[in-house]
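690 is the number of the first residue of the sequence shown in our numbering; add one for each residue after it.
In case anyone wonders, no lab produced these hints; they're calculated from the structure. Do not take every clue at face value.
[Said to hold, decoys possible] Distance condition first, Cα-Cα at most 30 Å in a straight line; then the derived DSSO-like pairs of lysine-lysine:
no., residue 1, residue 2
1, Lys-865, Lys-716
2, Lys-1056, Lys-1114
3, Lys-986, Lys-1025
4, Lys-1611, Lys-1513
5, Lys-1402, Lys-1437
6, Lys-1810, Lys-1207
7, Lys-1258, Lys-815
8, Lys-1285, Lys-1220
9, Lys-716, Lys-1258
10, Lys-707, Lys-1611
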Amino acid sequence: PEIYDLGPIDRLLKDIPKDKLAILACKCRANARALSYFDQYYFETKNWSRKGLVKGNSFDAYWTSLQKVYMALDDSHEAAGVQMRRTSPITVTDEIANLESAGRFDKASTYYESLLCSTDDRIDRKQLIEDALRCLSNQGDDLRLYERSKRLMEEYPMFRRSILPAAVEAFWKIGKWDELDAALNNNSCNSMLESTSISQGSLLNALRNSTPTVSSRVSAFWERSIKPLSIAMIDRSAYFRGYQTLLVLHGIQDYSLAVEILSKKQFETQELDENTTDVARRDLEERLRSLFSTWSKRNKLVQPSLMSLEPLLAWQRSIALLYMEKYPFVKSILCKDIGSMWLASADSAREARCFDRSFYCLAQAQKWFGPDLLKHNLELQVRCTTAQAVLSWEQGESTEAIRCLTAAIQRLQNHRLYEHLETRKNKNEDIRRKTNNPYHHPDAEPYFDINSDTCETCSEFEKPERESFAKLKILLTRYTEEAAAGTPRALLNMYEECVHLGVNQEEVYLLLARYYDKLANYYTENPQVLKLSDKVLNASCDSPASIDSRIVKLDRSRGRPKSSSQDKKDKEIAHREDVISKLMEQSVLAFGNSLKWGVRYLEESMPRMLNIWFDLGTKKCLETMTYYPRAINSRIESTVRMFDTLLLKKDSGLPSYYFMSALSLLLSRVCHPHSSICDKTSRILEQLLIDYPHQMLWRLQAVLNDDLEERKKAGERIVKSACKKSQSLIPLFQNYQKQITLLRNMCKNFTDYDPRRKQGKLKKLGSGANRVLDIEPRFGNLMIEGKFVAPIQSSINPILPTESDYENLKQHQIYPERYMSFIKRVSSECWIYNSLQQPRRIEMVCEDGKTINILCKAHDDLRKDSRCIEFFNLLNRILRRSGISSARFFEISTFLVLPLENFAGIIEMVPNCETVRSIVEKLYKESLGPQFNVHELLKKRMTKDQNTDADSYQSFVEKVLPRVTPPVLQEFYKRQFTEPISWYMARLAYARSLALTSMVGYIVGLGDRHLDNILIDMDAGRIVHVDFNLLFHQADLLPVPEVVPFRLTQNIVAALGPMGTEGNFRKFSEIAVRIMRKEKELLLTTLKPFLHDPCCEWTKDRENRGSKERDAERDGNKMAKERIEIVERKLKGFPRSGNQNKPLTVLNAFSVEAQVDILIEEASDLYNLSQMYYGWSPHI
């Protein structure tokens, strides 16, 4: 074939100014392409400025244009970040763009009004009018849009075609049907059907006038709308690119469903009015109810964002307004449904934190419901009240929210269910007063039995009534607790009422269990609250107030008499433990009842219940107390019975897979000191091994091969007992042990790890490709015998149910066959990486043809990696439940880590990823020459010039950074993702994943984030982190301590684009921290196994300790507690230590925004980076 020289064409394309191309792309509405050109121009101007070719920043003139591009892409975070990047004085146009990007359309419209009143001839009036009307439309004030568009058409008749789309939209939104008809009959509208609002108005007008061409108009509108979607389908970002078109098509289908209501002939031939009582009228009412129900279900399929939902809701309200005009006798039905749609708009606006718009929507809803809301059904009253209360709460008006809910309940005082609850409350108060005991703490002793069937007396009331009351009561109780607006006794009374109503039981019991746990922790941290009076301490044993009737004295004095004051202190300690153990018992029982009623909160209820249960059992084994509570043993036994009756019964109990949500916690407590709890834990693990043998045999390896003999024997007992109950386990267990033993040998290179030798620990093999048989000859012919499940996430991690469908929970498959992969053979070659531990990659071929790669690694405690991945998986599930994050596909990339023993294990390798080092090194070699090496440049400078910290900083800034400037990582995204929309989506994924992994890494103290431990997904562009060996701030103990919280070097920042850290990175970081703070108790539960199965380096000298000290260590490792306490401090917003960056606030805690701001500053500070180890590559 003939070869053409494309060099001149490339040079021509490079010579075309990128800023001019960006402006032209904006005019063509190719927003992603415009953004790509702006990005290129930004980095070009930075390079020109560094070289002295231009003065100042020539990009300043384009910040507003860039902001508009981000707004067109619905990227509000980047648009809002522009104002932080501007260096030139802000104009009125800039201020409008800032307000619109922040969602403050009310203030932006005020600026537009002032500009329209201006007499400046330089203003583009046509463009200004279009922008002003678009702002009013986004504001959601349809009446104001109607008035403004009419006035503008009178003032500027020459711009009628520009104003008409907004005017037509206002006409059909507020039901001005005659004006809509007049506007659409104008000849100019026929040539403007490409406008979505005019096409929608045309459809509504045709329906109103019963035009016979309705179906043809629908088809024409459908064809016009589908064209952009067919163009968008050419690349892999088609769904994102064509989503707005999909919403238009969604609206057309909603219209078609409405047209079907009038399809019956009786609606066309028979006049219907308010005096009609025949079958046709009743059929119309029923069809309208069905239509609104269908619309509501369809809206749940749309992305939960204001920009997606609000256009559909406005369109549906307009169709309902049209039916109201055609059939006035159904006004009562339509008013209620239109009001409900306004409530949905209020919820959507509130979640987008557009509080003014949400308040406006609530006012519109109340207008449609009418002045007397109490005439409507109870469900609608409650929905309206809760929307108002939640809006007040989100705005920080906690007192107003509580008053709103309290007043709503008071307004229902004539309801029979309200009277029933008040009567029952007074009766319980009388019982409590009669049985009052001076010993009882007024807040810590609940007076209702959590296991009793509290819903019997509510059976006479209809379920919808109880659901409505429960919704109000639950929300009021939650807000009262979070605002600290009630005493513990009052809150327990409120929770008891919620339980008594007998609906939403899973959530109610979960909230009650949380509160019991919160009380127990509070009394533990504040023992003075439970201090006893002298009257109680000195009461005789026969008195009901006697403390001696509640505690047992243990003879540990060893002949040494104690003073009376010390004896009193010991009694107070025992009393406190008695109260706390009671609360812990109630918390365990409440979590158990929550699990009985559903699985929505399974991943929270199960781990927290087990953790409290294990801690309660440990209290019985305390050996340092002179007194201990008499009832503590009975309380432990009651929780054990709960596990028997509720969770382990074959017929009436819950499925065994519930325990898979807390498997690591169970494995860490196989040697629990309390015999009953230890036996029950073993029974649970036995049942899981019988039900899910392939996955459990992988998970049990860390216990079966543990260095601690007691844990090893416990694991063997579990396997032996399970094999007795299920004989089919025996050959499967033998096969797994054989194959896993070979994998362990692959990790260790024949020889065992010898910690006594400082040098030559490993039998070194050559890096690169090696034969598997040279490393482990016993792999034989490399064929796997029997069924051997692949060690990958899809085969090992369970898929837990998310909905509480009682009929399907028992049949739910947590390991569907379509996701299971079994190993067929092992590839004949493996790849050994050139590092200290010499990990080796093995390729395995599965029976379904899938090829997987695993990494065999020794001499690292992979339990840290495994639990870190569990932490990430739990956080991903929390993020999916959160509307603000699920709309943005906000999650961490994870993989499987399986410890096979204390210092060896296997890791699933993430496909299609490259290390940041390999990417940037290749790009730097192109610009700086093939001799460039990432490490050598900094290594030479640091070893030559580093005498003091100041010298290191000066050398870093003056000699090292200029050699690797400009950064190059942004160039990788431009080359890897050639289509503008795919490039934009990849950079969004990069910013999201970088923000999330940075914040999570800071929380768990993840270090060693050098360029080989950070990967980039070559398909999606997101960040993937590997190697979590330096966890919980262990990097602080390195010879060169790490002083930055995460990696935020110049290349990492450059790949974020012109906004740097001021756009998506900052906002997504704040979202991540805010969600983690909210769910801190659940996240900390994932780390609790470290307390009882601590890392090997934390307990490496336990072999030299006495048995008593080892027992104490088994109950709680001191170093593990300290590390987890640091994590807890950071989740609460406190600085990592008492003196580090101490904020000047009363509570000594940072706000979310302040915490993120400080972290970004620390991570990007050049002085901090100059103190980092050269191998970390702080200059790259």
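Check: Which earlier hints turn out false for this structure, listed by number in ascending order?
Finding: 1, 2, 4, 7, 8 and 9
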